[in-house]
Amino acid sequence: MTNFAHMRKNMILGQFLPESIKDKKILKAYETISREKFLPDQFKPMAYSDLNIKITQSRYIPSPLNAAKIFQEASFSGKEVVLLIGANYGYEAVILSSMVDTIIAIEEDIKLTSLANNNIRGLNIENLVFLNSKHSNGYKKLGLYDIIICLDLRYLVSEELINQLVDKGKVFFCEQHNNEVKESKLCVIHKSKKNYIKQTLFDINIPFVDTVNNNYFKFG
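Numbered per the working numbering, the sequence shown finishes at 204, counting up by one with no gaps.
A couple of the hints might just be wrong.
Pairs of lysine-lysine residues, derived as DSS-like cross-links and limited to a Cα-Cα distance of at most 27 Å, are as follows [unchecked claim]:
1) Lys169 to Lys118
2) Lys63 to Lys6
3) Lys9 to Lys152
4) Lys125 to Lys95
5) Lys9 to Lys175
6) Lys152 to Lys175
7) Lys28 to Lys8
8) Lys95 to Lys28
9) Lys152 to Lys63
10) Lys63 to Lys8
11) Lys169 to Lys38
12) Lys118 to Lys21
13) Lys9 to Lys(-7)
14) Lys182 to Lys63
15) Lys124 to Lys175
16) Lys125 to Lys175
17) Lys6 to Lys169
18) Lys182 to Lys152
19) Lys8 to Lys(-7)
20) Lys(-7) to Lys12
21) Lys118 to Lys178
Ranges of calculated distance between the beta carbons of each label pair, as one might list FRET restraints [as the list claims (entries may be wrong)]:
22) Asn121 to Met(-9): 35 to 43 Å
23) Ser33 to Asp187: 14 to 22 Å
24) Phe(-12) to Gln183: 34 to 42 Å
25) Pro191 to Thr(-14): 21 to 29 Å
26) Met(-9) to Asn189: 18 to 26 Å
27) Ser98 to Gln183: 30 to 38 Å
28) Lys(-7) to Asn121: 37 to 45 Å
29) Leu(-3) to Ser176: 36 to 44 Å
30) Ser98 to Leu1: 33 to 41 Å
31) Leu(-3) to Ile94: 33 to 41 Å
FYI, nobody ran anything at the bench for these hints, they're computed from the structure.
We put the CB at the ideal spot given by N, CA and C, even for glycine.
All chains should be built: construct the whole structure from the sequences, respecting the hints.
What follows is the structure, encoded as structure tokens:
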């Protein structure tokens, strides 16, 4: 029988700590929330590996380590209203729910939305909602958001999405590193009144895929 608890502990010791994941809230969440319970049977053996899981021809779920790197950059105070784009099976949203005030998690695949809702039944999480909605549109009805995190690399950040941020809000997303390398870099856009500042943070080991939206925000 697979010892998932042991695998989860090894993930923290062998991946998170060597990669400088030090935020105690993040470490506690990943230590206590069982990822294998959210994944289909074929993906359960990969639950605590450092591999990104390919769920469709053009979509990946980031590894726990990669997601944790993004979440650590957000520096949650616990008071944030967060929009998560690309909820997939719900695990990342549940991780976030333990660190923020409110989490709105959207998923454009209706089957994944249903699975995510089923996966949180009985967990008594009151600050999280899963909604079926197109990723490129965000979710204006429940905005504005302090932080937006985009886990679906097929979509670049649009002006419509940025406009769903509060003043001083931030949106985290990945871009292709360059035309020669199919890897990503983590970026953040800071909103300050009517001004936007884009910052490249670091390379992140998530395969980049071809984007499907053309109305993305352009700087310059």
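Hint by hint, here is what the structure shows:
1. Lys169 to Lys118: holds (23 Å)
2. Lys63 to Lys6: holds (20 Å)
3. Lys9 to Lys152: Given that 27 Å is the threshold and the Cα spacing comes to 23 Å, the pair holds.
4. Lys125 to Lys95: Holds, at roughly 22 Å.
5. Lys9 to Lys175: The hint holds at about 25 Å.
6. Lys152 to Lys175: holds (5 Å)
7. Lys28 to Lys8: holds (26 Å)
8. Lys95 to Lys28: Since the Cα atoms of Lys95 and Lys28 sit roughly 18 Å apart, the hinted pair holds (cutoff 27 Å).
9. Lys152 to Lys63: Satisfied, since the Cα-Cα distance of roughly 14 Å is no more than 27 Å.
10. Lys63 to Lys8: holds (16 Å)
11. Lys169 to Lys38: holds (18 Å)
12. Lys118 to Lys21: The given pair, whose Cα atoms are some 26 Å apart, holds under the 27 Å limit.
13. Lys9 to Lys(-7): holds (16 Å)
14. Lys182 to Lys63: holds (23 Å)
15. Lys124 to Lys175: The given pair, whose Cα atoms are some 16 Å apart, holds under the 27 Å limit.
16. Lys125 to Lys175: holds (19 Å)
17. Lys6 to Lys169: At roughly 21 Å apart (the allowed maximum being 27 Å), Lys169 and Lys6 satisfy the hint.
18. Lys182 to Lys152: The hint holds at about 13 Å.
19. Lys8 to Lys(-7): holds (15 Å)
20. Lys(-7) to Lys12: Satisfied, since the Cα-Cα distance of roughly 11 Å is no more than 27 Å.
21. Lys118 to Lys178: holds (25 Å)
22. Asn121 to Met(-9): 35 to 43 Å: Since the Cβ atoms of Asn121 and Met(-9) sit about 37 Å apart, the hinted range of 35 to 43 Å holds.
23. Ser33 to Asp187: 14 to 22 Å: holds (19 Å)
24. Phe(-12) to Gln183: 34 to 42 Å: Holds: the Cβ-Cβ distance is about 37 Å, inside 34 to 42 Å.
25. Pro191 to Thr(-14): 21 to 29 Å: Given a distance of about 26 Å, which is inside 21 to 29 Å, the answer is holds.
26. Met(-9) to Asn189: 18 to 26 Å: Given a distance of about 20 Å, which is inside 18 to 26 Å, the answer is holds.
27. Ser98 to Gln183: 30 to 38 Å: Because 36 Å falls inside the window, the suggested range holds.
28. Lys(-7) to Asn121: 37 to 45 Å: holds (39 Å)
29. Leu(-3) to Ser176: 36 to 44 Å: holds (39 Å)
30. Ser98 to Leu1: 33 to 41 Å: Given a distance of about 36 Å, which is inside 33 to 41 Å, the answer is holds.
31. Leu(-3) to Ile94: 33 to 41 Å: holds (38 Å)
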